[in-house]
Amino acid sequence: MRFIPHSPTDVAEMLAAVGVASLDDLFRDIPDALRATGAIALPPGLSEQEVRRRLAELAARNDGATHLSFLGAGAYPHFSPAVVDNLLQRAEFYSAYTPYQPEVSQGTLQAIFEFQTLVAMLFGLEVANASMYDGASATAEAALMALRLAPKRPRIVLARSLHPHYRATVRTYLEGAGDSELLEAPFGADGRIDRDWLARHVDPRTSAVIVGYPNVFGVVEDLRGLHAIAAAQGALLVTATAESLALALLQSPGDCGAEIAVGEGQSFGIPLSYGGPGVGLFATRSKHVRSMPGRLVGEAHDDAGRRGYVLTLATREQHIRRERATSNICTNHGLVALAATVYLCLHGKHGLRQLAHLNLTRAHRAARALTAGGRWRMAFDGPFFNELALRGAGAQAALDAARADGVLAGVPLGEWYPELDDAFLVAVTEVHDDAALLRLARALGA
Amino acid sequence: MSGARRDKQAGLLLDESLIFEHSAPGRRGVDLPAAAGAPEDLLPPDLVRPPIEGFPEVSEPEVLRHFLRLSQWNLGAATTFYPLGSCTMKYNPLANEVAARLPGFADLHPLAPDESAQGVLQLCWELQEMLAEICGMDAVSLQPAAGAHGELTGMKMVRAYHRDRGGARKVVLIPASAHGTNPASAALAGYSVQTVEANQVGLVEAATVRRAMTDQVAALMITNPNTLGLFEREIAQIAAAVHERGALVYFDGANLNALLGVAKPGRIGADVLQFNLHKTFSTPHGGGGPGAGPIGVRAPLAPYLPGPRLARDGDVLRWSAMPERSIGRVRAFHANVGMLVRAYAYILALGGDGLTLATRMAVLAANYLRVRLAGTYQLAQDAICMHECVFTDKTLEPHGVKTLDVAKRLLDHGFYAPTIYFPLVVSGALMIEPTETESREILDAFVAAMEAIAAEAVASPAALHAAPTLTPVGRLDEARAARRPVLRWWPPTDAPPGGAEDR
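Order-wise, the sequence lines are chains A and B.
For the first sequence, position 251 (counting from the first letter as 1) is numbered 251 according to the numbering used here, and the numbering increases by one without interruption.
For the second sequence, position 305 (counting from the first letter as 1) is numbered 305 according to the numbering used here, and the numbering increases by one without interruption.
Heads up, a few of these hints could be off.
[Said to hold, decoys possible] If the Cβ cut is set under 7 Å, some of the chain A residues that face chain B in the computed set are:
1) Val18
2) Ala21
3) Leu68
4) His78
5) Leu149
6) Asp302
7) Leu313
8) Arg353
9) Ala369
10) Thr371
11) Met378
[What the hints assert, rightly or not] Cβ-Cβ distance ranges computed for the label pairs, FRET-style:
12) B/Glu324 / A/Thr66: 33 to 41 Å
13) B/Gly314 / A/Glu184: 23 to 31 Å
14) A/Asp179 / B/Glu324: 20 to 28 Å
15) B/Gly400 / A/Asp25: 34 to 42 Å
16) B/Thr493 / A/Gly305: 21 to 29 Å
17) B/Pro25 / A/Gly305: 25 to 33 Å
18) A/Thr37 / B/Ala299: 19 to 27 Å
19) B/Arg211 / A/Asp25: 54 to 62 Å
20) B/Leu94 / A/Pro44: 46 to 54 Å
[As the list claims (entries may be wrong)] According to the in silico footprint, chain B covers these stretches of chain A (three or more CB under 8 Å from chain B):
21) 26-39
22) 162-175
23) 207-217
To be clear, the hints were calculated from the coordinates, so they are not data collected in a lab.
Cβ coordinates follow ideal geometry from the N, Cα and C atoms, glycine included.
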């Protein structure tokens, strides 16, 4: 076994040093009745060459990875510069653990500090954590935090236009966690939250209104208007962004009045990998920092005055506060946060905005091309970033036909929204050039 | 502050400013296809923000150099012996990295039609079965994103199980030596936590558990081997005491590296456990993640597993609709599939015999260190251990030297430090987990370093208090950092008054 260095001599000498006669004697404290009888019923180990062949066979059976794809709905195909993966493959990064010894973990700690800074700026808020599993669980943590901040306000209002996986995850997290109450706010013809409904249902018992930004239909909500409705009743506005690239172009949640903003960072240089790992983004205002879940890195100094970074505010955390902690999270999806950090630094102040603009223009070009023939129409008339919902008769059949043609043209919406069973979502990013858009239009018979 | 640091950016000097401090207007690290017009042509102008103030403007070589230098400031399992206890830092095979980057996995969208994802579904199906076999459980869900996420998922299932049986039980019993995530996960699932004490030799006794059991107890969460590195010998009787009162046993699988091929939790009383793939199955720890925390359950709990579930439909594997009694979703999409691919590759490489051998070698290495160091440091428990052993700083106390000093001096010797001050039930704990992948030469070098530090504690304790000295920074003032938290960099024009975060 190539990962294990001990020779038969080593084993014999180590056993002698321990003072036992055999390896079995090392396990003599385990009662016989509890000892596993027989080996693990798995095939014998394979060579690296054999493992690789088996994995290549399995990978080759995923033809979805080679089709021209316009699937989005929470996970997005973006181009990642070569530098990102090269740095991720530095074993000093990927084979390190949570930085409990800061003096020899400055690389991870400084990168996380930079990550926190970038996420806070992106969301227009003061602090960000490091970090959450994904956008859905970060949204659930935001709901729990809103309830912690306002213990006498048990109601959470969730936009029905928030990604269904995010809503489902919030439901799972809130079930049994105190006496919370979840309401879902309907959406209108523009694909945005029904503001009249919202004004009627946000009350002094409401702790938070949680909205997608952009929402699952790709539509950009009017955050300032929603904030006015929530704030009038003392409720917090919370935003959840699945396509975080949008925030390079859209007014930031913080500037629009959000107290907590969460998102999914997969768009920032992280492969799709069939849905994970991504990285949850979580930002809030400084005054709420001690109620924030997850781990935080802070600046510190040594005796000589040198600047360094440490895990900090640990007194909120599970290893100290145990059952009174702000969350049970002890991982930080650090490596994925590193990918996002490198990606955001490469794009920088102007590049990220340009990239977002490129996504915007291509998605709007696609919208024009797909609706020109009259077979498909826009499902909603609200503003959109890089994802759009289309409707028309025979939507599922058209998606199936496109797939047979090698194009994954969109995500059908009927399973999530029965009233939209003739609708589907098309995500268009910088990876889709004019030729790809033309092929999409043809495959969909637009 | 940055002025003096800036002259140190050339050559091999170990200083590196924040990326924001490298920024200069007009630099860029990507070239993008052009886009015509302005965003305001396509979006209502009041929705559009200006470029983000403070985002860096840096070239590609600057970004590469910056992060490459940061990587050199990290110790990892690939650079040195990393004997972190209860966290199982073992070698991350490079072949796993190659596997996860195969385009068929890396470029696959999670909402691709099932027919277009049969390879990865087959992998997930097989991995579920392999994990079930390894642990003797009846069903496995791969959905949770990390070990602690698996704990929460498991406790949510415990709750749903009792709800369906008409009992709103309120309490979870947890040994004092448990991982900190256990009580936090139980509380997050809506339970109050009651601590169970261990006996003189660090083990939980069935009689203690039996006395604590009431009809209000929903579950016992137990780590086995426990955080002292000892196998809970009465686990079967403990489980029986829990089951007799209709409660369940949650088995924390973080220390599973000690049990592969040795004992199967599902056969010794566990009803639910989480697998920490990044510990036992060698996926990257990545400075704290991403992990993956699949959970395994016995049959009575299977209906509550998070959905959707994978199902066979003739020759095709599909995601089912959400099962009726499922606790629901705990995340978006299916799982941290990139990590599942790596764990699958690892299990294929080792096979059943290799996994068993890994456990036996890990336990041998831990006992070797236990015996070699027992004359120099005081053992928390003088007994054969499993995958890790715990020492205390008691013999160093007369010299004014503490566990923290030992840990920091080890960094000067080129080793990462063991886990310190954990478990909480041991005063001045130093918990060492060598794993199966470290050679005897490295174990001996580690022993020599620990002996040298013990000698130094007698001869010149001040040197230990000053450690580490061979690292990019010295001991950082964590107390002050927490009192006045600075959690981000601010653009000069935006800096909060006085630089304080809590304005």
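Going through the hints against the structure:
no. : hint                            : verdict
1   : Val18                           : holds, 5 Å
2   : Ala21                           : violated, 13 Å
3   : Leu68                           : violated, 12 Å
4   : His78                           : violated, 11 Å
5   : Leu149                          : violated, 16 Å
6   : Asp302                          : holds, 4 Å
7   : Leu313                          : holds, 6 Å
8   : Arg353                          : holds, 5 Å
9   : Ala369                          : violated, 15 Å
10  : Thr371                          : violated, 15 Å
11  : Met378                          : violated, 13 Å
12  : B/Glu324 / A/Thr66: 33 to 41 Å  : holds, 36 Å
13  : B/Gly314 / A/Glu184: 23 to 31 Å : violated, 37 Å
14  : A/Asp179 / B/Glu324: 20 to 28 Å : holds, 24 Å
15  : B/Gly400 / A/Asp25: 34 to 42 Å  : holds, 40 Å
16  : B/Thr493 / A/Gly305: 21 to 29 Å : holds, 26 Å
17  : B/Pro25 / A/Gly305: 25 to 33 Å  : holds, 30 Å
18  : A/Thr37 / B/Ala299: 19 to 27 Å  : holds, 21 Å
19  : B/Arg211 / A/Asp25: 54 to 62 Å  : violated, 34 Å
20  : B/Leu94 / A/Pro44: 46 to 54 Å   : violated, 22 Å
21  : 26-39                           : holds (count 11)
22  : 162-175                         : holds (count 9)
23  : 207-217                         : violated (count 0)
When the structure is compared with the earlier hints, violations turn up for hints 2, 3, 4, 5, 9, 10, 11, 13, 19, 20 and 23 and for no others.
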